[in-house]
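Trainee: Number 126 in UniProt numbering belongs to position 126 of the sequence shown; there are no gaps in the numbering.
These are computed hints drawn from the structure, not numbers from a lab. We put the CB at the ideal spot given by N, CA and C, even for glycine. One or more hints might be untrue.
Derived SDA-like pairs (lysine to any residue); straight-line CA-CA distance at most 20 Å [unchecked claim]:
| no. | residue 1 | residue 2 |
| --- | --- | --- |
| 1 | K133 | F24 |
| 2 | K145 | N25 |
| 3 | K121 | Y26 |
| 4 | K133 | R109 |
| 5 | K91 | K150 |
| 6 | K91 | T112 |
| 7 | K50 | K121 |
| 8 | K20 | R109 |
| 9 | K105 | K44 |
| 10 | K20 | E107 |
| 11 | K50 | K91 |
| 12 | K150 | K133 |
| 13 | K91 | G69 |
| 14 | K21 | Q71 |
| 15 | K133 | E107 |
| 16 | K145 | A23 |
| 17 | K50 | V82 |
| 18 | K126 | E33 |
| 19 | K91 | H138 |
| 20 | K105 | F28 |
| 21 | K133 | E33 |
| 22 | K50 | R141 |
| 23 | K50 | P14 |
| 24 | K133 | V59 |
| 25 | K50 | V15 |
| 26 | K21 | E128 |
| 27 | K50 | Q71 |
| 28 | K20 | G40 |
| 29 | K44 | S18 |
| 30 | K133 | I144 |
| 31 | K44 | N73 |
Here are the in silico distance ranges between beta carbons for each label pair [unchecked claim]:
| no. | residue 1 | residue 2 | range |
| --- | --- | --- | --- |
| 32 | G149 | R83 | 47 to 57 Å |
| 33 | G110 | G63 | 19 to 29 Å |
| 34 | F24 | M157 | 20 to 30 Å |
| 35 | R83 | M157 | 20 to 30 Å |
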Amino acid sequence: MAAKKKTASKTPNPVIASNKKAAFNYFFEERHEAGMVLQGWEVKALRAGKAQLTDGYVVIRGGELFVIGCQINPLGTASTHVRPEAARTKKLLMHRDEIRRLIGKVEQRGYTLIPLNLHWKNGRVKCEIALAKGKAEHDKRDTIKEREGKREAQRAMKSLSR
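Could you put the whole structure together from the sequences, leaning on the hints where they help?
Mentor: Structural data, given as structure tokens:
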């Protein structure tokens with residue numbers, strides 16, 4: 001009998017970059033996954049983990065979705081004949097009916113699309129986007145109070161277990 005051939009192991013953590021500020025600044029209504037149109041140097045930089053989504057947002061132009069503000073820093077060994085642009089606008093790929101539905105919701109007052117994270121799926125880079133509504137200042141304060149309460153509870157449990 002022939003031994004089974006081992007398949008290439010999947011990366012344990014496929015998330016490349018995440019937008020941690022998004023959960024603090026927005027309420028998420030829906031989450032969607034979209035493909036990204038990337039250049040070769042961008043894929044190599046993403047494999048090295050050189051991406052940042054903190055100031056990113058999604059815009060709609062001509063019935064298509066684009067990510068603006070997603071920073072992918074080029075590797076130091078980038079090609080000499082290609083000029084990498086770190087803050088290049090990147091097109092998102094989704095089904096047409098999904099895009100139309102999102103456009104309808106974004107046109108409602110107060111909704112926006114924001115990128116939550118970049119991750120690998122079957123060897124391709126995907127961007128998780130969220131239909132979100134901005135938080136008011138008092139909502140942000142409530143989030144901070146909840147976080148502080150959880151920390152205090154964790155500290156109390158830890159001190160009791162000692």
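Trainee: Now tell me, hint by hint, if it's right for this structure.
Mentor: Taking the hints in turn, this is what the structure says about them:
{"no.": "1", "hint": "K133 <-> F24", "verdict": "11 Å, holds"}
{"no.": "2", "hint": "K145 <-> N25", "verdict": "15 Å, holds"}
{"no.": "3", "hint": "K121 <-> Y26", "verdict": "26 Å, violated"}
{"no.": "4", "hint": "K133 <-> R109", "verdict": "9 Å, holds"}
{"no.": "5", "hint": "K91 <-> K150", "verdict": "39 Å, violated"}
{"no.": "6", "hint": "K91 <-> T112", "verdict": "17 Å, holds"}
{"no.": "7", "hint": "K50 <-> K121", "verdict": "18 Å, holds"}
{"no.": "8", "hint": "K20 <-> R109", "verdict": "24 Å, violated"}
{"no.": "9", "hint": "K105 <-> K44", "verdict": "35 Å, violated"}
{"no.": "10", "hint": "K20 <-> E107", "verdict": "25 Å, violated"}
{"no.": "11", "hint": "K50 <-> K91", "verdict": "19 Å, holds"}
{"no.": "12", "hint": "K150 <-> K133", "verdict": "24 Å, violated"}
{"no.": "13", "hint": "K91 <-> G69", "verdict": "12 Å, holds"}
{"no.": "14", "hint": "K21 <-> Q71", "verdict": "15 Å, holds"}
{"no.": "15", "hint": "K133 <-> E107", "verdict": "12 Å, holds"}
{"no.": "16", "hint": "K145 <-> A23", "verdict": "15 Å, holds"}
{"no.": "17", "hint": "K50 <-> V82", "verdict": "18 Å, holds"}
{"no.": "18", "hint": "K126 <-> E33", "verdict": "7 Å, holds"}
{"no.": "19", "hint": "K91 <-> H138", "verdict": "35 Å, violated"}
{"no.": "20", "hint": "K105 <-> F28", "verdict": "13 Å, holds"}
{"no.": "21", "hint": "K133 <-> E33", "verdict": "18 Å, holds"}
{"no.": "22", "hint": "K50 <-> R141", "verdict": "32 Å, violated"}
{"no.": "23", "hint": "K50 <-> P14", "verdict": "14 Å, holds"}
{"no.": "24", "hint": "K133 <-> V59", "verdict": "15 Å, holds"}
{"no.": "25", "hint": "K50 <-> V15", "verdict": "12 Å, holds"}
{"no.": "26", "hint": "K21 <-> E128", "verdict": "15 Å, holds"}
{"no.": "27", "hint": "K50 <-> Q71", "verdict": "8 Å, holds"}
{"no.": "28", "hint": "K20 <-> G40", "verdict": "26 Å, violated"}
{"no.": "29", "hint": "K44 <-> S18", "verdict": "18 Å, holds"}
{"no.": "30", "hint": "K133 <-> I144", "verdict": "18 Å, holds"}
{"no.": "31", "hint": "K44 <-> N73", "verdict": "10 Å, holds"}
{"no.": "32", "hint": "G149 <-> R83: 47 to 57 Å", "verdict": "50 Å, holds"}
{"no.": "33", "hint": "G110 <-> G63: 19 to 29 Å", "verdict": "22 Å, holds"}
{"no.": "34", "hint": "F24 <-> M157: 20 to 30 Å", "verdict": "25 Å, holds"}
{"no.": "35", "hint": "R83 <-> M157: 20 to 30 Å", "verdict": "54 Å, violated"}
Violated hints, in rising order: 3, 5, 8, 9, 10, 12, 19, 22, 28, 35; the structure is consistent with all others.
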